[in-house]
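Q: Chain residues, written in single-letter form:
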Amino acid sequence: MTHHDPGGVGTEARATAPTGLSDADLVRMYEFMALARALDERMWLLNRAGQAPFVISCQGHEAAQIGAAFALQPSKDVLVPYYRDLAMVLYFGVTPRDIMLSLLARRGDPASQGRQMPGHFGSRRHNILTTSSPVATQVLHATGVALAAKYRREDTVAWTCVGEGGTSEGDFHEALNFASIHRLPVVFFVENNGYAISVPQRKQMAIENVAARAAGYNMPGVTVDGTDPVAVYAAATEAVERARRGEGPSLIEAKVYRFTAHSSDDDDRTYRDPQELEAQRVRDPVARFRATLLEQGVLSEEQDAAIRSRITAQINDATEFAEQAPYPDPSELTLHVYGS
Amino acid sequence: MTHHDPGGVGTEARATAPTGLSDADLVRMYEFMALARALDERMWLLNRAGQAPFVISCQGHEAAQIGAAFALQPSKDVLVPYYRDLAMVLYFGVTPRDIMLSLLARRGDPASQGRQMPGHFGSRRHNILTTSSPVATQVLHATGVALAAKYRREDTVAWTCVGEGGTSEGDFHEALNFASIHRLPVVFFVENNGYAISVPQRKQMAIENVAARAAGYNMPGVTVDGTDPVAVYAAATEAVERARRGEGPSLIEAKVYRFTAHSSDDDDRTYRDPQELEAQRVRDPVARFRATLLEQGVLSEEQDAAIRSRITAQINDATEFAEQAPYPDPSELTLHVYGS
Amino acid sequence: MATKLLIDAIRDTLFAEMRADDRIIVLGEDVGARGGVFRVTAGMIDEFGEERVIDTPLAESSIVGVAIGAAVHGLLPIAEIQFLDFIHPAMDQIMNEAAKIRYRSAGDFGCPLVIRAPYGGGVHGALYHSQSIEAIFTREPGLKVVAPVNPADAAGLLRSAIYDPDPVLFLEHKKAYRLIRDEVPENGHTVPIGKAKVVKEGSDVTIISYGMMLHESLAAAEALEAKGGSSVEVIDLRTLRPLDTETILASVSKTGKVVIVYEANKVGGVGAEVAALIAEEAFPYLDGPVMRVAAPEVPAIPFSPPLERAFLPNAETIGAALERLAAF
Amino acid sequence: MATKLLIDAIRDTLFAEMRADDRIIVLGEDVGARGGVFRVTAGMIDEFGEERVIDTPLAESSIVGVAIGAAVHGLLPIAEIQFLDFIHPAMDQIMNEAAKIRYRSAGDFGCPLVIRAPYGGGVHGALYHSQSIEAIFTREPGLKVVAPVNPADAAGLLRSAIYDPDPVLFLEHKKAYRLIRDEVPENGHTVPIGKAKVVKEGSDVTIISYGMMLHESLAAAEALEAKGGSSVEVIDLRTLRPLDTETILASVSKTGKVVIVYEANKVGGVGAEVAALIAEEAFPYLDGPVMRVAAPEVPAIPFSPPLERAFLPNAETIGAALERLAAF
Ligand SMILES: Cc1ncc(C[n+]2csc(CCOP(=O)(O)OP(=O)(O)O)c2C)c(N)n1
Ligand SMILES: Cc1ncc(C[n+]2csc(CCOP(=O)(O)OP(=O)(O)O)c2C)c(N)n1
Ligand SMILES: [Mg+2]
Ligand SMILES: [Mg+2]
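Residue numbers (my numbering), protein chains in the order written: chain A, 1 to 340; chain B, 1001 to 1340; chain C, 2001 to 2328; chain D, 3001 to 3328.
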């Protein structure tokens, strides 16, 4: 991990220290990243075909998310995600079918039964907290989960994700402050893609690295190349272990790029130079990790082809499954307002 | 100025660099500090006598406030204070009569015509923004004043004060972030007395110096001995000049002690060891500055006596004046809800 | 049955439930050594320790936001907002998060959270220590809002709120804390959320109120009856959301006349919804206008005593409304 | 007179006034190069530059708080909140600051601020991009709240809001942006804040509405009249605070029957205050219950089309209410 120039492309140091990841782990990482990417691309196809009114993407964030996910234990850690965390929630056990049900707002969508927009994840069974749209509110929830986990003497880490845009909200400050006072087992993971919708980082903050904020709370803060899953895994593992040891929270900033418009409602050509996007293509985390693994002989072309066809089959199945699922019945409108 | 141990008593380095303050300035500083203290003490007397339902004090903060005030130009700079800033507003032109009218909630109180509690300062004529009770909201107003001043090409600095408790609010973070992005002419002055009502600093933040937060906004942050008006003046002057040069905001933390309960509604014996208070007496800024000036021959005992009798006369006058002023008429209740 | 002040009924219930259930934690500004600025949590940190009684940083959004996280992860947090006037920074966490967690997850998650907040005027608290802004919250589906003023109701509703599976805003009238004293049953007494109480029966006109205005209403009712005027029924709403439509409509259908009394601003207050409900559901029974006695349209209660007095409704202004209504 | 979409009427007015008065600045998320997520401020940064068109950090409290500071220091800021659903973090700055600055300083300071916010449902915005929570604000003395849906009204009210000495919340129905088109007078046309408009005269029953529900109401009225039913008067409130009590009461006194239609949750919505006002002030003229057609008591509008449709009132549900009322 390194403090790198956000404008720099492909020049970051990559994690070289022993990480404890086996070749099989690396291939699994790759498969999750590729699955997330392919699923994401399918969602856009459905959107363009008029079948899905709204898509929001993880494209460009896959390495950051999967590197982080591998440092966690979905059976006991709690994920408090934001709307770009498709790859993370897949790792935590949400299926492509679940995602497609949510995309098409069908009954059975486990996150919300079609009530929320796609990208609003949540599943008690998978230790993923329900998420909302208001940016950055979740970082306080993660802090509260960590407070409860500590109080209950659980070996649980709360992991929460937020965009660099979200770090401007007061809630971000309040969460880091609270967590650090109580040395809570929570990790704040900032997926910094340089934009809050159209607003570039220079209009969001006067600093180059969000990680610089950690000092104001007396917690470790690191910036890591978010296009390198192994580098992220290393940083995440350190923070998670620290949390498990009772030493308190950490802030990790993963520098990534957003390869799509903000969402299907956005038109990024109004504010982002297409050349910038093209130049960033070399940082595509999925292509890059694939190339590295092939190069290192960890992955063969045949393995890759098998992975890709497995993924296509999964996504086709999920799409068909969701397309055939019924919409919620209007009578469901008034359910679950109160628990009693 | 120096980063000092908050528990340390009387050991801080004191400003020695040339400050441009003449002996007469130093005596004027002293007189303002003594006036604020004496006025504050009178308010408590009136409270104990059942004449004033509520008092909130500047006792212990006088040096910080007057050191800061002397770095400003009340004719063109804008003060955005909080409830402890009695000494500052006196320097900006609010009179003891004004303060007493507000204390007794009488008609003529220029801050609010008896509508607000004492300590809620404000006077357009004196470039003091109207203040409210919700903690830390004012730091955003100061940022907005600075934005307007910059836009209007004024040579105006906005100076805002907040307790260290107030720095926990989201608004504090949002203000520093906004101000720094736009390099606004605003100074954030944290009067750190170690308590938010009863909550000690260690339960408010995991850092020793609030100034450590400045790095997260790419602005200078300094901690200064708030019991030394000259040290504060030096730090304030630097920040104000920087703001006037268009180089942006600064954060100054003045370490002080609160010599009274939080307010007349509080009982600090429930949470503060009386021995701690006694030990801090040696840091009483008024007594200390008086001693320094006498020692350095800047002030004579005769001068001091004259100052004190002048102050007593002023306060007696103000008290009588306010006691004789009428209450607002009930018909005034519905005035000034809207401007049109 | 012991006789207790409102504040003691609340404190005693908190202590009793914290002893009974260690999922309960308390968090807020100054709730520890200071015992809260009103002393509701006095002594609590000594008995239950810093882990269960948390002096938070001065940041309301974090108080509620952290409590939400703790609530979804198995605790029963009781968050204190020092004055209702200072709840605004937590609004997003209350409205968009706590109130919507169950609905947005289609029941997968719940948020068993209590937010206690002192409210109300008459204590020289001025613009920012006197607010009655409960109507901001009573319009929010997913939230429950209670405002008991009787000590037994407070104890019983607090207990219900703590174990309620949803977020409950628990409003405590600060002027009533040490003014209202009554008998409080021991041993796990509960009062259901959502039930109003007829505190005085009558046949000619109904007064619907809550909080300290209930006491002004009772005084007005007694004064009127003492003069040989109408027989007045007085209802204490106790719960402001969900409203007890049944009790309200039954009374108004009987008396045909109603005055709704509250100390919040008149426009858009809880009384607006009560009046609208009556005008829609009990219209055939009405013998006169649905009257409201409430505060004037000024931003908040001023500090100066004559202005504070002029702001608040009282037995006289309520009495005048009763007489106007009787003339219909 | 040109014919314009609602969104163009708003945009054109912003441009015209920014050209005319350089005290006006615009600030909010994505208002610059992106021109706002709805494109209301498209092109503005090119014409007026980064100093007057400020892409803020993603932090609503700072958007409003900074705007307040600028307003008290001589500017006329227009703050954009991207969706009304995200206004909560700014609540303290709006309620406790902007709305109270004049009152608390006894007129020494004023806060000439406009807060623009898109609101309303029907665009698949789901729980957090569809809210109609205007009643939180309409109960706040010191604030003004307008919700024009007609392009000419929007242009005229926006101009009034910009030069109004007090904070005005300017609500824009996002479904109406590109749906509602009408003639808009040129040249500094203004509409006074606080005046409702009778958009259709009638004699038997009054519908009071605003926003997109006005159009559903008109459709319901026309359908009823086409069937030979009652003659319906339709009022567009346009301003939600202060209410135009005169126009409301005059119409209801004439027709004796009223249906209030709004797409917010029924309980505690703006319609509650309108109903309460009528039940108190126009009681002698009423020939039937004061009816409300509004959204059900669920936290917000779900995403899935069948649920979104089931949530929103429409011409049929309004028509059914009109028929029930006619039967009285
Ligand atoms: C409180 C709030 N304000 C505004 C929005 C609208 N909005 C949604 S996403 C977004 C930008 C988020 O940027 P960032 O946090 O950097 O995340 P990214 O989308 O870049 O991953 C905005 C402004 C919102 N959802 N919540
Ligand atoms: C938003 C808000 N929450 C709570 C309060 C109640 N309150 C008033 S002063 C105070 C403590 C402030 O501490 P600090 O900022 O350190 O200033 P000090 O009084 O120590 O100078 C609190 C909690 C308030 N006024 N505003
Ligand atoms: Mg981003
Ligand atoms: Mg303090």
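Hints were generated in silico from the structure; no laboratory data involved.
Treat the hints loosely; a few may be bogus.
[What the hints assert, rightly or not] Derived DEER-like restraints, expressed as beta-carbon distance ranges:
id, chain 1, residue 1, chain 2, residue 2, range
1, A, 153, C, 2188, 27 to 37 Å
2, A, 276, B, 1155, 48 to 58 Å
3, C, 2001, A, 245, 49 to 59 Å
[Unchecked claim] Here are some, though not all, of the chain C residues that point toward chain D, as calculated from beta-carbon distances under 7 Å:
id, residue
4, 2092
5, 2124
6, 2127
7, 2203
8, 2275
9, 2290
10, 2325
Quick reminder that beta carbons are idealized off the backbone N, C-alpha and C, glycines included.
Q: Restraint: residue 2290 (chain C) near chain D, CB-CB cut 7 Å. Satisfied or not?
A: Check passed: Cβ of residue 2290 (chain C) comes within 4 Å of chain D, closer than 7 Å.
Q: Could you tell me whether the CB distance from residue 2001 (chain C) to residue 245 (chain A) stays inside 49 to 59 Å?
A: holds (52 Å)
Q: A range of 48 to 58 Å was offered for this pair. Does it hold for the Cβ distance of residue 276 (chain A) and residue 1155 (chain B)?
A: violated (39 Å)
Q: So, residue 2325 (chain C) near chain D? Judge it on the closest CB pair being under 7 Å.
A: With Cβ-Cβ at 10 Å, over 7 Å, it is violated.
Q: Would the hint on residue 2127 (chain C) stand, with a C-beta cut-off of 7 Å toward chain D?
A: holds (6 Å)
Q: Let me know if the C-beta of residue 2275 (chain C) comes in closer than 7 Å to any C-beta of chain D, holds or violated.
A: Residue 2275 (chain C) check passes; min Cβ-Cβ to chain D is 4 Å, inside 7 Å.
Q: Taking the least C-beta to C-beta distance, is residue 2124 (chain C) closer than 7 Å to chain D?
A: violated (16 Å)
Q: If you take the shortest Cβ to Cβ gap from residue 2092 (chain C) to chain D, is it below 7 Å?
A: holds (3 Å)
Q: Just to be sure I understand the hint, the distance between the Cβ atoms of residue 153 (chain A) and residue 2188 (chain C) should be within 27 to 37 Å; is that true here?
A: holds (28 Å)
Q: Holds or violated: is there a CB of chain D closer than 7 Å to the CB of residue 2203 (chain C)?
A: violated (21 Å)
Violated hints, listed in ascending order, are 2, 5, 7 and 10; each of the other numbered hints is respected by the structure.
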